[in-house]
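J.: Listed below, chain by chain, are the residues.
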Amino acid sequence: MWQGRCHSRYSAGDPMTEKTIIQFDHVAKRFDGETILRDINFEIERGKFYTLLGPSGCGKTTILRLIAGFLEPSEGTITFDGQLVNKIPPNKRQVNTVFQDYALFPHLNVFENVAFGLRINKLANKEIEPRVKEALHFVNLDGYQNREIADLSGGQKQRVAIARAIVNRPQVLLLDEPLSALDLKLRTAMQVELRQLQRRLGITFIFVTHDQEEALAMSDEIFVLNQGKIEQSGSPRSIYDEPINRFVADFIGESNIIPGTMLRDRVVSFAGKTFDCVDQGFDEMESVEIVIRPEDLELKPQGEGMLQVRVESQLFRGVHYEMIGKDADGNSWMIHSTKSAQIGEAIGLFFEPEAIHVMRHGETEEDFDRRLESYEGADHD
Amino acid sequence: MTKKLTNTYLIPYVLWIGLFVIAPLAMVLYYSFFDIQGHFSFENYVRFFTPIYLRMTVSSIGYACLITFFTLLIAYPTAYLLTKMKNRRLWLMLIILPTWINVLLKAYAFIGLLSTYGPVDTLLALSGIGRKQILFTGFSFVFVSVYLFIPFMILPIYNSLEKLNNSFVEAAYDLGASAWATFRRVIFPLTLEGVKSGVQAVFIPALSLFMLTRLIAGNRVITLGTAIEEHFLVTQDWGMGATIAVFLILAMIVVMALMGKGWLKRW
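Taken in order, these protein sequences are the chains called E and H. Position one of the first sequence corresponds to residue 0 (numbering that gives the first Met the number 0), numbered consecutively onward. Position one of the second sequence corresponds to residue 0 (numbering that gives the first Met the number 0), numbered consecutively onward.
Read the hints as simulated data drawn from the structure, not as lab findings. All C-beta atoms in this analysis are idealised placements derived from N, C-alpha and C, irrespective of residue type, glycine included. Check the hints yourself; a few may be wrong.
Here's a subset of chain E near chain H, in silico, CB distances under 10 Å, partners left out [stated by the list, open to error]: (1) Pro54; (2) Gly56; (3) Thr60; (4) Arg64; (5) Phe98; (6) Asn108; (7) Phe110; (8) Leu173.
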């Protein structure tokens, strides 16, 4: 029952058979000569949870505003349900936004805030009431209809903002850093709740955040953005395990990024030693960067393992210890382990060939994906 | 100690309020109970409810409403445009600037502009409409009053529009509202405080205008303000003048109550 308001306005053919709902084709955006977005291409499918992830100023909010209709692209085309929507204003689009500061109307109570879109669409009162109640029920705010906005907590405002958006049964819900104002505990709870809500509603969520943990926890698919460009897109798992470049490896989780040389397929050299790995498709003796996640490094007694380091610092992080070790070549290694070592102690590090991820300098996402596909399938025979 | 200190600070304020607000109001009330011979009576109050004074009251309120209405009609869109301008400070300055010039000077300037064979009259004649009596009409009275009051309406509305968070407007658009629906359901209600302040800043002075009624309206418009002036300066019937003043004050209290707490909060 939570389908689009009226398909006839946009639909080309049966909308439910069409998987793609939003498509960006070579979209660029400039403000006063300054380029905010360059050559953005992606497809958004129905019923999935997407996250636009990146540092502030990377253009993620601009993409959201382009989808909502608050901005018009300087170049390229945006299609919604197969229809060109470059110039369609926000009030004529089947998307709704949950704003960063919620933007709940302070002169209206909870009920009237949620009912706003329905009243604009001139629904009858007897239709509005059950729908508002249903939307409030969806966000666990039964019985809050008559509250004033000023009397709500941050988490409650957040829920009202979501209810106000989903009551219109949009095909796509846009969320602009909606959890950034909440404290850690509430934020974690809302992450779970939002994900559940998206599954129950079955509509597309596009979530904007600069918090990589949030993105990893909630999304079906993540777009990592940097300086107006999509650096990498894919499932949280693939982006975490196989970052395309230094930026992504650094931005998503903690990483050890070490310069190295690809000797031949499945053999890489770094820190003065040669290691087996699973990567291939490089030139012989190609200079590369290798990534090993801190949690993939295992503490061993001195002399054992693949690499010898001296511990320089140690922090207790709660779940694990975080240690920085230096190898003979001067590379720093961050280690996450439940075991600890003393500062100044010499230790060995062990890691599996699968823990080594090799990155090619300046590789495009298409080439990266193609190279990965060429050997990942072959691995399983 | 701190309590004592705050009390000391209050003394100038209390003195001011007592001497220049409460005492004059009490005197107005006191005088309203004496007839022209200086005898205590309720005669003045009875007289106020005779047709002459009632008609004056109705015309006073009517003109004040007209002036307020047209001022608001011009000031709101102006204030809105102002918030969208690039050189807001400059434009705001230009709007405030005329308020620094004495009202009498501006009134005399309008006499020159609107008089027979004046520039406006000549313009009408040249455009083929023909010469019209503009000065000393109800129209010129409302026109000049609106001109004088516009800055006082623009400022509070501009302030509340400035404070309005643009994400409310975006949220309304996002929820499907047209430009008009956004204005009616979000922008206007959220700037209502500014409108109320502006209405008070215009309606109350408009109710007691007296100089303009003579200079611009040529005594064709008789308001309560004019009547008070006549009684105090010409007929010397201070009692009747004070009675009218009492009703004028009552009218102002009613307006302030109707317009809510906005005005009180601001002061």
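J.: Looking back at the hints listed earlier, which ones does the structure fail to meet?
T.: 1, 2, 3, 6 and 7
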